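Kindly generate the complete structure, drawing on both the sequences and the hints.
Chains as they are written, first to last, in the UniProt record's numbering: chain A, 1 to 329; chain B, 1 to 329.
Worth flagging that the hints you see were computed from the coordinates, not collected in a lab.
The reader is advised that the hints may include incorrect statements.
Any copy will do: because identical chains look the same in the list, a pair fits if it lies in one copy or spans two.
What the hints assert, rightly or not - The list that follows gives simulated cross-link-like pairs (lysine to aspartate or glutamate, EDC-like), each with its CA atoms no further than 16 Å apart: (1) Lys293 with Glu276; (2) Lys192 with Glu276; (3) Lys172 with Asp136; (4) Lys192 with Glu252; (5) Lys299 with Asp218; (6) Lys317 with Asp279.
Computed from a predicted structure; not experimentally measured.
Protein chains: 2
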Amino acid sequence: MDRSENRNVTYAEAAAFLRKEDDFLILAHASPDGDTIGSSYALCLGLRALGKRARVSCSDPIPPRYGHLALPDVPVFEPRVIVTSDIADTQLFGKANAIYADKVALCIDHHPSNTQYAERVLLLPTASSTCEIMADLLKKLEVKITKNIADCIYTGLSTDTGCFRYSNTGAKALRLAAEMLECGAHTAAINKRLFETVSRQRLAVEQMALQTMEFHLDGRAALIVISLDMREKTGAAESDMEGFASLPVQVEGVQVGITIHEKGDRLYKLSVRTNEGVDASAICAHFGGGGHKAAAGCKIEGTLADVKTAILNVVEKALDQHGWHSDTE
Amino acid sequence: MDRSENRNVTYAEAAAFLRKEDDFLILAHASPDGDTIGSSYALCLGLRALGKRARVSCSDPIPPRYGHLALPDVPVFEPRVIVTSDIADTQLFGKANAIYADKVALCIDHHPSNTQYAERVLLLPTASSTCEIMADLLKKLEVKITKNIADCIYTGLSTDTGCFRYSNTGAKALRLAAEMLECGAHTAAINKRLFETVSRQRLAVEQMALQTMEFHLDGRAALIVISLDMREKTGAAESDMEGFASLPVQVEGVQVGITIHEKGDRLYKLSVRTNEGVDASAICAHFGGGGHKAAAGCKIEGTLADVKTAILNVVEKALDQHGWHSDTE
Ligand SMILES: [Mn+2]
Ligand SMILES: [Mn+2]
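The following block contains the structure:
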């Protein structure tokens, strides 16, 4: 199929395709999060409810925090139709599932960066989460939203909106959450698992990182350092390392928060987060990096002291340009 | 009026009363939170939109985190009708407003513990927040929900539900949030202010407290200590001290989390939080305290070592009784 062709399909077209086919393999992205797991499981449960064979595959293991999402095992079958859920790019299939990169019949996703790698693409870039799209697709398929499906949809919705905290939380996401609650989703228990449970390793590495916090430029910039040593000492896993980038920028008065991850000898990866309209991607572009206005990243080589001096020089200029006004909107 | 009499009024009765009267003083509770401020301001703005004179009074200053809620000043007037919002008991009026304790014409509240101190009581113990009640009352009054009012209602809703995370978050609260968003509430900016901004003092005192964390009873109990010294060294204000009680119980595997606050010489106040159905109030009852099943408190006298031994002995017995099963629901 010609890449330039329009591969976008409507809900009705996606539903018609799913109704017609059988023996589905649904792929979740590597390093799976609540949205890719929730939406894949929900689709799988929905297709099974329609009497079809379906299973979910992910290149990486499902983290224990999503253990509340139940997908019963089924006898092995040879998949005939590959569907992906919440996967923007074939690079995110992961090693085990890379073999399916050019065999995807239907891609369901909400990432604006989606590379249109599938034969059919159901893409809604304004949706808070793939689960928001999946809920509408299941309704089109006239699948009954069971408690299990409601748990799946709610998990993705809650994961991708930071429990309805982020700016991607639209009225539709809130109303869908209400509906899933009424369908029996264990909302409070799920939120507790997702947002109020930390591992001892995470706690230890967070404490160490917070002890490195420095304030610069009259308190308008804050930085923390996460060294390789900290991860080794605490035994923190990759899944314990989420969300550090948002810590420095949470401190009152801070407009630019910098998280410096040691990656190797004289090699550092920086995450920059900004408040009040300071342009993080412009700051990171100085070092060949990039990203969004409020969240960007880059790599810098040198000693830790060099790296701090380099980033703070650029941040100072950005703050000078931006001026001292502090509009909190 | 006889205390035994039924003082409860319906939405229609409360609305009729407000429509008939004028010159309102609306009281928020002392140590004000987002729900008492949001609901008082929303009512005040609504009554003013109906052409009435109204103002809000609180015995304590409004914390800066609620500075986004705008209530324009009006010329001074002599109040004739006292209304309270989100105040369960006259003891919560605070010093300055204690004079109104037996003069309240209408109390609007959601606390099951409400002492029915007012002439008329609009009480909905199943509501997530007083703001949820206030939104319905304003609709009964046919007040247009402006952006300002939507910000007020959303702030209370988000405060009392922990941004839709706690188990008091019903479908109604989620749908009301969707509605407020559509009325122009600055939801993401409000959540950032309420949930993603910490003071340097808070950060410092939290770090010190986390360093005291101890695990006991095979990791099923965790405790932290907050000393008077920590507060002095960090300059942390009362408003920096919220939420500490929930820290130890967030650690993976912990069923009982204990926060020990030093209150004076050989005097400690304990907050106990539990997961998985362990009874916190039964634990605290051993020391003359009480509370709810998942959250309770008590005071214990003695050295810090005595206090730790005493509480851990009782916790051990509670865990033995409860058994080792760990149902996460
Ligand atoms: Mn997603
Ligand atoms: Mn309240």
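Right, here's what the structure says about each hint:
no., hint, verdict
1, Lys293 with Glu276, "within (10 Å within a copy, 42 Å between copies)"
2, Lys192 with Glu276, "between (30 Å within a copy, 11 Å between copies)"
3, Lys172 with Asp136, "within (11 Å within a copy, 21 Å between copies)"
4, Lys192 with Glu252, "between (26 Å within a copy, 11 Å between copies)"
5, Lys299 with Asp218, "neither (25 Å within a copy, 42 Å between copies)"
6, Lys317 with Asp279, "within (11 Å within a copy, 56 Å between copies)"
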